[in-house]
Amino acid sequence: MKKLTINEIAEKAGVSKTTVSFYLNGKTNKMSEETMERIRKIIEETGYEPNAAARAIKTRPGASAGTIGVILGDLSQPLASRALKGIEEEARESGYQVVVGSSGMLFSREQEYIENMSRLGVSGFIIQATYRFGVLGMELEKKKKNLVYLDVSPYDSNGKCVKSGNYNSVYEAITQCAKKGYEQFIMISDGSQDDSGGVGNSQGFKDALRTAGLPFKTYYMNQDATTEEIYDYLKRQIRPEMKTLIYVSDASALANVYLAIKEFPDYQSLMPRTIGLIGFDVTGWTKTTTPAISSIVIPAYQEGRFAARKLLEMINGSGDSKEVILKNVIRWRESTM
Numbered sequence: 001m002k003k004l005t006i007n008e009i010a011e012k013a014g015v016s017k018t019t020v021s022f023y024l025n026g027k028t029n030k031m032s033e034e035t036m037e038r039i040r041k042i043i044e045e046t047g048y049e050p051n052a053a054a055r056a057i058k059t060r061p062g063a064s065a066g067t068i069g070v071i072l073g074d075l076s077q078p079l080a081s082r083a084l085k086g087i088e089e090e091a092r093e094s095g096y097q098v099v100v101g102s103s104g105m106l107f108s109r110e111q112e113y114i115e116n117m118s119r120l121g122v123s124g125f126i127i128q129a130t131y132r133f134g135v136l137g138m139e140l141e142k143k144k145k146n147l148v149y150l151d152v153s154p155y156d157s158n159g160k161c162v163k164s165g166n167y168n169s170v171y172e173a174i175t176q177c178a179k180k181g182y183e184q185f186i187m188i189s190d191g192s193q194d195d196s197g198g199v200g201n202s203q204g205f206k207d208a209l210r211t212a213g214l215p216f217k218t219y220y221m222n223q224d225a226t227t228e229e230i231y232d233y234l235k236r237q238i239r240p241e242m243k244t245l246i247y248v249s250d251a252s253a254l255a256n257v258y259l260a261i262k263e264f265p266d267y268q269s270l271m272p273r274t275i276g277l278i279g280f281d282v283t284g285w286t287k288t289t290t291p292a293i294s295s296i297v298i299p300a301y302q303e304g305r306f307a308a309r310k311l312l313e314m315i316n317g318s319g320d321s322k323e324v325i326l327k328n329v330i331r332w333r334e335s336t337m
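The sequence shown runs 1 to 337 under our numbering.
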């Protein structure tokens, strides 16, 4: 009878070889009873006898317990960089290393990173996915690959997603702005949320105003739009006799919109009554402006930590199928009434 390897035992049990090694070494404190029983049965049925090398995998003092692959849209963006910091710290505390890729929100790059990271033998993936990733994601799940979506999921992810509650926070913020007396509403987007399959940022805005029975406009700016281009658009829309609320649906675009508003000669006297401004913030910069900007604060660092924790629980066979939605915080400041 052919002697089985630890890889084959792991495959039969539907877990990683690191998990099997932990089981063999008695490191089962983070394993579910179901996982331990599954490994025990496979070992008993096959008569597997581990050698010293199998027992030693990832158990040397100071050695990494394993590696996880992280694929984010744009590492230069604050949301991605803050989330990555959370992922790395959570992984490091559990003895895991992180391999990182930036997809540019291109499906072709996502495919390349998945293939390359799989060849490296990563134990699982955290991905900020494009809407096209769904088919590939389902293929990975069929292969028993551990996968957690960050921020958005391109299909029914069966709870394997960690995100912030953007829809609810936007709905609440825009509803409050309508009650404050704003009459004209403009949403400005650079389209990056559409690329990732996220609809909460824009849908919460639209639904709040439809419920309030108020009209709105949407301005899709190019991701490389200049301050002057945004200013030219706003100059055509802003009327002194009408209170206008500008909502920026992408955290990466808020700073440019603020700079465009500053192009108005008397912008400080126009805000917040003639022009109101609110958008997403990750780093806290909006409290340092004049006037300070009302913002929806995304807990990106916590998102990263929760995503890594969920993935590591799945790797160890103890994860659940409950989606994690973190609550945003609305900070009302001088840019709104």
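Don't read these hints as lab results, they were simulated from the structure.
One thing to keep in mind: the hints can contain errors.
The calculated label-pair distances, taken between Cβ atoms and stated as ranges, are [claimed, not checked]:
#	residue 1	residue 2	range
1	Lys142	Gln237	46 to 52 Å
2	Arg210	Glu33	46 to 52 Å
3	Lys287	Arg210	55 to 61 Å
4	Lys85	Ala292	22 to 28 Å
5	Ala292	Asp320	35 to 41 Å
6	Leu326	Glu49	28 to 34 Å
7	Asp207	Lys327	17 to 23 Å
8	Leu106	Gln237	28 to 34 Å
9	Gly284	Arg210	43 to 49 Å
10	Asn29	Asn116	31 to 37 Å
Every residue, glycine too, gets a C-beta built ideally from N, C-alpha and C.
Does the hinted range 35 to 41 Å hold for Ala292 and Asp320 at CB? 40 Å, holds
Lys327 and Asp207 - C-beta distance against the hinted 17 to 23 Å: 18 Å, holds
Hint check for Glu33 and Arg210 - Cβ pair distance inside 46 to 52 Å: 49 Å, holds
43 to 49 Å was suggested as the range; check whether the CB atoms of Gly284 and Arg210 agree with it. 32 Å, violated
For the hint 55 to 61 Å, verify it against the beta carbon of Lys287 and that of Arg210. Taking Cβ atoms as reference, Lys287 and Arg210 lie about 31 Å apart, which means the hint is violated.
Do the beta carbons of Leu106 and Gln237 sit within 28 to 34 Å of each other? 33 Å, holds
Quick check on a hinted range of 22 to 28 Å for Lys85 and Ala292, using CB atoms only. At roughly 25 Å between Cβ atoms, Ala292 and Lys85 fall inside 22 to 28 Å, so the hint holds.
Please test the hint of 46 to 52 Å on the beta carbon pair from Lys142 and Gln237. 49 Å, holds
With 28 to 34 Å as the target window, see if Leu326 and Glu49 comply at their CB atoms. Check failed, 46 Å falls outside 28 to 34 Å.
Outcome of range test on Cβ distance (Asn29, Asn116; 31 to 37 Å): Because 33 Å falls inside the window, the suggested range holds.
In this structure, the hints that do not hold are numbers 3, 6 and 9, in rising order.
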